[in-house]
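With the hints as your guide, set chain D onto chain B.
Each protein sequence line maps, in turn, to chains B and D.
To convert, count from 1 in the first sequence and add 7; that's my numbering.
To convert, count from 1 in the second sequence and add 7; that's my numbering.
Quick caveat, the hints were computed from the structure, so don't treat them as lab data.
Incorrect hints may have been included.
One copy or two, either will do: identical chains are not told apart, so a pair holds if it fits within one copy or between any two.
To be verified - Here are the simulated DSS-like cross-link-like pairs (lysine-lysine), alpha carbons at most 27 Å apart as the crow flies: (1) Lys-14 x Lys-146; (2) Lys-146 x Lys-125; (3) Lys-199 x Lys-14.
2 protein chains.
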Amino acid sequence: MALDAVKALVFDVFGTVVDWRGSIVREVDALAAALGRRVDSSAFADAWRAGYQPAMQRVRTGDLPWLRIDALHRLILDGLLDDFGWTVLDEAARDRLNRVWHRLDPWPDAVAGLTRLKRRYVIAPLSNGNFSLLTNLAKRAGLPWDCVLSAELFRHYKPDAETYLGAADLLGLAPHEVMLVACHPSDLRAAKAAGMRTGYVARPDENGTGRSPPFEPHEFDCTADDFVDLDRRLGGED
Amino acid sequence: MALDAVKALVFDVFGTVVDWRGSIVREVDALAAALGRRVDSSAFADAWRAGYQPAMQRVRTGDLPWLRIDALHRLILDGLLDDFGWTVLDEAARDRLNRVWHRLDPWPDAVAGLTRLKRRYVIAPLSNGNFSLLTNLAKRAGLPWDCVLSAELFRHYKPDAETYLGAADLLGLAPHEVMLVACHPSDLRAAKAAGMRTGYVARPDENGTGRSPPFEPHEFDCTADDFVDLDRRLGGED
Chain B
8 MALDAVKALV FDVFGTVVDW RGSIVREVDA LAAALGRRVD SSAFADAWRA GYQPAMQRVR
68 TGDLPWLRID ALHRLILDGL LDDFGWTVLD EAARDRLNRV WHRLDPWPDA VAGLTRLKRR
128 YVIAPLSNGN FSLLTNLAKR AGLPWDCVLS AELFRHYKPD AETYLGAADL LGLAPHEVML
188 VACHPSDLRA AKAAGMRTGY VARPDENGTG RSPPFEPHEF DCTADDFVDL DRRLGGED
Chain D
8 MALDAVKALV FDVFGTVVDW RGSIVREVDA LAAALGRRVD SSAFADAWRA GYQPAMQRVR
68 TGDLPWLRID ALHRLILDGL LDDFGWTVLD EAARDRLNRV WHRLDPWPDA VAGLTRLKRR
128 YVIAPLSNGN FSLLTNLAKR AGLPWDCVLS AELFRHYKPD AETYLGAADL LGLAPHEVML
188 VACHPSDLRA AKAAGMRTGY VARPDENGTG RSPPFEPHEF DCTADDFVDL DRRLGGED
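Only chain B is shown next, with the shape it has when bound in the complex:
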C-alpha cells in the first residue's frame, strides 16, 4: 500500500485539531458578561473567522506585506469591535482578546489520537497559524507534537505549494512520505497536488452546522471520523 511509505503526519489545526468556534464563543461570552454587555458570540466568532481567508489573500497578492496570523487576526478584530460597538476595549484588552487564538481547545479525541499516532509517525501541525501561536496553543492543550511547522517558516500561506513542499523538506522527507490530515477538502487537494498523501477527518461541528463540505469518494487516501479512528485505519493497534 502506498501509505506504507508515510513517515510523518502533518495536521491542519484550526477546525481539524481545535474547536476554534466553540473556544471563541466561550471567551467572548465571558468577556461580554464581565463588561455587562450582550453579544451574539457565535456571529462574532464566525465574522472573525470569515475575515481570515481575505486577509491572507491580501498578503498573497502583495496588498499587505508578510504578516503573521496574529497581526491579521488583530486587523480583523479591530474592524469587528467597531461593527459590534465594542470600541470601549483598550489596547491591552484587544491584545488579550486577540490571543484567544493561542488558547483554543482541542476536540475531545485530539490528544488521545495524536498520542496514539505519535507511536509510529512524526507528528506536527502544518498550519497558517504563526509559530508562537501554534507553540502556545499546543503547550496549553497538551498536544504532543514532535515539532511545530507553520506557514510562517515559509512565508507562504496554505494552499500555496511552498508550504507543503517546505514542510516535507524540513522533515527530510519526500512529499509522498508525508500525509496531511485535515477536515478541509481544499487544503487536502492542495497537499495532494504537491505530492503528499491525504487523510480526511470529519469535523461536522466546526462551523456549528453539523455538516461537512462535500468531496469525491476515494478522493483522499484515508478518511476517518476522528484521530483515534485515523490511527486504527492506518493500522495502529488498540
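Chain D only, in chain B's frame:
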C-alpha cells in the same frame, strides 16, 4: 530579578543535551566489530566533531552554499573514512553511519530536567543541527520540547546573531525574555550579545577530558551542574 521576565529556554544540543562523543564511540565500536576491524573510536569521534566548526565557517564565508549539518557531517565523514582506511563502506552504510547524529543519547539528567523546566517555560532546542536531525533525535530520546528551533530556519549558523534573534522572533518574544542554555561559553557570549539571558550548564565529560572551558565569575545569568539543578536555581520546586 531580571530572570523573572524569562518565558522560554532554548538549548544548545550537541554536548549540552546529548553526549555526542559517547554515542558515536558506541556506534563506531559496534560497526568495527561487525566489520571485524579495529578502530580508535574516540579519535574517530573527535576528528568528526573537529571538522564541524571549519565546515560551518566554509558556509559562513560563502565557500560552500547553505548546507545542512547532515550534508556537512557527510563531507567530513567521507574524508575520515579515507583517513581511517574504511573505504569499504558503501553508500548505504555511509548514510546510515552519518545519521548517527540523529541517534545521540541524552545526558542522564536531560529528560528529567527538561520535563521539570517545561512546567514553567517554553523549551526548545536552538542548535546548528538541521531541523529533521533535531526532530528525530528528540523523538528517539524522549526530549519533551514544546517546539524545535534550528539554525536551518534562519540559514545562519550560531554564533551568528541572526540565529538567536530569529529564535526569539519566532517565539514572539523579546531577546531578554529568552535564555540560552549551553555548556559552551562562546555560544552563551554570542546569545548575550544578542540580548538573551544565559544559563551555563557544566558538561565536563563532553570531550572526554573531565574539564570544562573557562569563563569569568558572574559572566552568565545562571550557572548549574545539570538541568535538574538549573530548574532548582531558576526557582522550580521539587
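Taking the earlier hints as the rules, which of them does this structure contradict? none
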